[in-house]
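Residue numbers (my numbering), protein chains in the order written: chain A, 1 to 229; chain B, 230 to 922.
Don't take each hint at face value.
[Claimed, not checked] Think about it this way: if two alpha-carbon atoms lie no more than 20 Å apart in a straight line, the pair counts; the simulated DMTMM-like pairs of lysine to aspartate or glutamate are:
| id | chain 1 | residue 1 | chain 2 | residue 2 |
| --- | --- | --- | --- | --- |
| 1 | A | Lys109 | B | Glu620 |
| 2 | A | Lys41 | A | Glu20 |
| 3 | A | Lys111 | B | Asp624 |
| 4 | A | Lys109 | B | Asp635 |
| 5 | A | Lys111 | B | Asp438 |
| 6 | A | Lys109 | B | Glu630 |
| 7 | A | Lys169 | A | Asp140 |
| 8 | A | Lys109 | B | Glu652 |
| 9 | A | Lys111 | B | Glu709 |
| 10 | A | Lys109 | B | Asp627 |
| 11 | A | Lys50 | A | Glu67 |
| 12 | A | Lys41 | A | Asp64 |
| 13 | B | Lys356 | B | Asp438 |
| 14 | A | Lys169 | A | Glu214 |
| 15 | B | Lys489 | B | Glu457 |
| 16 | A | Lys169 | A | Asp136 |
| 17 | A | Lys225 | A | Asp209 |
| 18 | B | Lys544 | B | Glu532 |
| 19 | A | Lys225 | B | Glu630 |
| 20 | A | Lys109 | A | Glu207 |
| 21 | B | Lys568 | B | Glu556 |
| 22 | A | Lys225 | A | Glu207 |
| 23 | A | Lys225 | B | Asp655 |
| 24 | A | Lys111 | B | Glu606 |
| 25 | B | Lys560 | B | Glu532 |
| 26 | A | Lys208 | A | Asp136 |
| 27 | A | Lys111 | A | Glu181 |
| 28 | A | Lys111 | B | Asp655 |
| 29 | B | Lys739 | B | Glu709 |
| 30 | A | Lys208 | A | Asp149 |
| 31 | B | Lys356 | B | Asp469 |
| 32 | A | Lys109 | B | Glu606 |
| 33 | A | Lys109 | B | Asp624 |
| 34 | A | Lys50 | A | Asp38 |
| 35 | B | Lys544 | B | Glu556 |
| 36 | A | Lys225 | A | Glu177 |
Honestly, the hints are just simulated from the structure, not real lab data.
So you can see what is in the structure, the chains are spelled out below.
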Amino acid sequence: MMSFMKGRVLVVDDDTALAEMLGIVLRGEGFEPSFVADGDKALAAFRETKPDLVLLDLMLPGRDGIEVCRLIRAESGVPIVMLTAKSDTVDVVVGLESGADDYIVKPFKPKELVARIRARLRRSEEPAPEQLAIGDLVIDVAGHSVKRDGQSIALTPLEFDLLVALARKPWQVFTREVLLEQVWGYRHAADTRLVNVHVQRLRSKVEKDPERPEIVVTVRGVGYKAGPS
Amino acid sequence: MSGDSAASSPGRTGARAERSVGRKTSGSKTSGSRWGPFLEGGLLQGGVQGSPVLRLFMRWVRRPLLPVMRLWRRNIQLKVVVTTLLMSLGVVLLLGFVVMGQVRNGLLEAKVKASQSQATGGFAVAKQNAEETASGTVDDATTEDGRPAQNVIEWMSDLVSSLSSGGQGAFDVVTLPVGDDTGGGRGPRASGYVDPFASVPEELRERVDASTAVAQSYTRIIYSTGKESQSALVIGKQVDDPNRDPYQLYYLFPLTQEEKSLSLVMGTLATAGLFVVVLLGAIAWLVVRQVVTPVRMAAGIAERLSAGRLQERMKVTGEDDIARLGEAFNKMAQNLQLKIQQLEDLSRMQRRFVSDVSHELRTPLTTVRMAADVIHEARQDFDPVTARSAELLADQLDRFESLLADLLEISRFDAGAAALEAEPIDLREVVRRVVSGAEPLAERKGTHIRVVGDQQPVVAEADARRVERVLRNLVVNAVEHGEGKDVVVRLAAAGGAVAVSVRDYGVGLKPGEATRVFSRFWRADPARARTTGGTGLGLSIALEDARLHGGWLQAWGEPGGGSQFRLTLPRTADEPLRGSPIPLEPKDSRRHRGLDDAGLPHGGGEKTATVPAQPMGEQGPPMSIAPRLAAVAPTADPTALPGNGARVVPRPASGTRRQDDPPASDGRRGVSSDRAEAGSPDVEQQGEAFRGR
Chain A
1 MMSFMKGRVL VVDDDTALAE MLGIVLRGEG FEPSFVADGD KALAAFRETK
51 PDLVLLDLML PGRDGIEVCR LIRAESGVPI VMLTAKSDTV DVVVGLESGA
101 DDYIVKPFKP KELVARIRAR LRRSEEPAPE QLAIGDLVID VAGHSVKRDG
151 QSIALTPLEF DLLVALARKP WQVFTREVLL EQVWGYRHAA DTRLVNVHVQ
201 RLRSKVEKDP ERPEIVVTVR GVGYKAGPS
Chain B
230 MSGDSAASSP GRTGARAERS VGRKTSGSKT SGSRWGPFLE GGLLQGGVQG
280 SPVLRLFMRW VRRPLLPVMR LWRRNIQLKV VVTTLLMSLG VVLLLGFVVM
330 GQVRNGLLEA KVKASQSQAT GGFAVAKQNA EETASGTVDD ATTEDGRPAQ
380 NVIEWMSDLV SSLSSGGQGA FDVVTLPVGD DTGGGRGPRA SGYVDPFASV
430 PEELRERVDA STAVAQSYTR IIYSTGKESQ SALVIGKQVD DPNRDPYQLY
480 YLFPLTQEEK SLSLVMGTLA TAGLFVVVLL GAIAWLVVRQ VVTPVRMAAG
530 IAERLSAGRL QERMKVTGED DIARLGEAFN KMAQNLQLKI QQLEDLSRMQ
580 RRFVSDVSHE LRTPLTTVRM AADVIHEARQ DFDPVTARSA ELLADQLDRF
630 ESLLADLLEI SRFDAGAAAL EAEPIDLREV VRRVVSGAEP LAERKGTHIR
680 VVGDQQPVVA EADARRVERV LRNLVVNAVE HGEGKDVVVR LAAAGGAVAV
730 SVRDYGVGLK PGEATRVFSR FWRADPARAR TTGGTGLGLS IALEDARLHG
780 GWLQAWGEPG GGSQFRLTLP RTADEPLRGS PIPLEPKDSR RHRGLDDAGL
830 PHGGGEKTAT VPAQPMGEQG PPMSIAPRLA AVAPTADPTA LPGNGARVVP
880 RPASGTRRQD DPPASDGRRG VSSDRAEAGS PDVEQQGEAF RGR
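Take these sequences, add in the hints, and give me the full structure.
Okay, structure coming up:
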């Protein structure tokens, strides 16, 4: 087992059977799970356990998952993976827009879940020192920082990965599927809405005018590419 | 020849669209039939059937009239007003003519009577005068020879002036010689500068010459002074002069006064008539407006209602018929709104229910799933019975899961909750993903999946997730039922449509199955073992996905000859489909090959070049299919577009087509022959299609 596997995972789920089962599977894979069943107590548990990743059920008593997601995202960039029973467009998009990095639809296989969690935790590997430029932004990959004119911009790890993936190959147009594979770690095609939502979120942070993006440019009918620097 | 349009019936939209295609083509064939009632009535009929030049001319003449025609057809107000105008104009004209005739007769009759008595008096005076003069000059005549002639000349001049002096301009007097006899100084004489010859009509002079009775006629008085001529009544009689030689005496009565009166009456009548016509037109316009305005309002509101603005209502004032119409209309709209509201509520409840069930079912299923997987992972440690049970548990959970997912998906379609997230996608990408995903299964089955027509981008506005689901379903089905033979995925784009077809050479479809494959939980062979474990909902979901795009999903197949499924999508989301770039019945179907073989003896030289002979009974080996598929790929030519698959079935050579047809119909009749088997699915499918519609 590799070192990054000792991730602490906070499981926010009201279904005790499922929570217990998740615990069995996660422990079996070397994670350290902690549990909270109530949306209202989720934030306190999050502050207390300082997890490396949050597994969040969207349907919760008290505060619902979307709200919890928004609260956690407000104070941390920690990866959030939603558990949802609804693959309907609106729920997923709302969840992603409220700050979740990825989602997994019930019922899922244990391997699928673990793969998703690992993909989100993978970035705790130490990257090589690297300086990238995209548009008028300067990216320090090792230092995990993005700066415009010396002002740093706060990005979640996922948004940072997305930006770095684009910036590393500014000549290349990335299809949504390629980005899903490189950034999210999906080996097979998944929901491209993930990409759309996160590109929008990223743009809202790094673009001067998100209506006329210059950093992350849409290539109609194909995908996205880095803007000229 | 519309055999395989049959399969359009699964897609309701498809069927509708194709029907409209049919209407369109037939409409263009009988072009002008629409305008027929208006234009072909008389002379245009010849034009339409005549030479092309004439037809062209008719079209040229007709074109500027079209907007007027359209207005005429569409505007009832215009129709009523124009009809009223025309009819009242006719009535006024008729009345005018009658009244004018009466007035004219009355005026002239009085004038003629007065003139006749005046003239008769004049003739009597002339006669008396002549007799008196004659008796007074008898002695002179005997004494002096040269006198009488001069005497007559003077007498005549005196007579004319004396006769006309009584008229004071009310009439003029003219004397003319009888015949051409102008001798003896009896030239024409006239009072008041009247041109005697020109003013008295020749015809009247002849009549006066012929008898001694009084004759009359109408004429125009011509003046020698250049004064404007005027119409007049002329009355003439042959009278003797003092020498007992006859001469013609005419009275000319100008009708100026009567003409003036007549034109005054006519002017008054015309003005009044015009007013009446215009007023009637205006009245008609107003009256029709009263009726038409609410009708138009109702039409407009009905349109808005049908566009979904259910709260629209008509304004109702009064209690007349129009108000009743409005009330009834509003009541209808009210009920409609209520029903739609109820349906929407039901749909919302259904959606909510599905969503809740989904959540409630999925959470425990997730736990079971995970538990089963943990058990399954540890099955080596169990005894064989428990281990096998763990395997079965895991497998059946997979099936249960996909069944649940499909059921929820279908119920989402049923509830109308499925939403399309269309964006421009390249179908080649989707096909590539689907094919690579199906590769493991294909390898296991020994099938080779080939993609044709992916040289150029095939871009359409579509929901990639749904299209991928449809194509995955088709490809996996083709591989599963392909019996290890090749599966060909073909892409094409033309006009406003893109299409992907999946062809297999497996067991195929029995007659009538081409539409039934889309039914829920339908299985080709109920007795067949469910080895592959499909849910039986795949094609139903695929069909719903295609419909959601406004596209078609159609199937074609022949028993033992394989099948072809074709997905046709509009290039842009809101564009209606008019045809598919790929014919539904593939070119290498047995029927087509049957046609080709039958066509050969009649001499289709080039066909033998493009279509190598195929073994009839067994399905052609993959190698021989390949070259022909290359030839089929360019069926995406635009000419193939405006029609359904049936119409765009590629024909090897247009000249031999007609010769080819009879064998096909023969084949359909004979049931026992091999070729008949190939033809019969078409007949069946056709029947199926109509039932479907």
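Now the hints, each set against the structure:
no., hint, result
1, A/Lys109 x B/Glu620, "holds (15 Å)"
2, A/Lys41 x A/Glu20, "holds (18 Å)"
3, A/Lys111 x B/Asp624, "holds (15 Å)"
4, A/Lys109 x B/Asp635, "holds (18 Å)"
5, A/Lys111 x B/Asp438, "violated (136 Å)"
6, A/Lys109 x B/Glu630, "holds (11 Å)"
7, A/Lys169 x A/Asp140, "holds (15 Å)"
8, A/Lys109 x B/Glu652, "violated (31 Å)"
9, A/Lys111 x B/Glu709, "violated (27 Å)"
10, A/Lys109 x B/Asp627, "holds (10 Å)"
11, A/Lys50 x A/Glu67, "holds (19 Å)"
12, A/Lys41 x A/Asp64, "holds (11 Å)"
13, B/Lys356 x B/Asp438, "holds (17 Å)"
14, A/Lys169 x A/Glu214, "holds (16 Å)"
15, B/Lys489 x B/Glu457, "holds (15 Å)"
16, A/Lys169 x A/Asp136, "holds (16 Å)"
17, A/Lys225 x A/Asp209, "holds (17 Å)"
18, B/Lys544 x B/Glu532, "holds (16 Å)"
19, A/Lys225 x B/Glu630, "violated (38 Å)"
20, A/Lys109 x A/Glu207, "violated (38 Å)"
21, B/Lys568 x B/Glu556, "holds (18 Å)"
22, A/Lys225 x A/Glu207, "holds (14 Å)"
23, A/Lys225 x B/Asp655, "holds (18 Å)"
24, A/Lys111 x B/Glu606, "holds (11 Å)"
25, B/Lys560 x B/Glu532, "holds (16 Å)"
26, A/Lys208 x A/Asp136, "holds (10 Å)"
27, A/Lys111 x A/Glu181, "holds (17 Å)"
28, A/Lys111 x B/Asp655, "violated (31 Å)"
29, B/Lys739 x B/Glu709, "holds (17 Å)"
30, A/Lys208 x A/Asp149, "holds (13 Å)"
31, B/Lys356 x B/Asp469, "holds (7 Å)"
32, A/Lys109 x B/Glu606, "holds (12 Å)"
33, A/Lys109 x B/Asp624, "holds (12 Å)"
34, A/Lys50 x A/Asp38, "holds (17 Å)"
35, B/Lys544 x B/Glu556, "holds (9 Å)"
36, A/Lys225 x A/Glu177, "holds (13 Å)"
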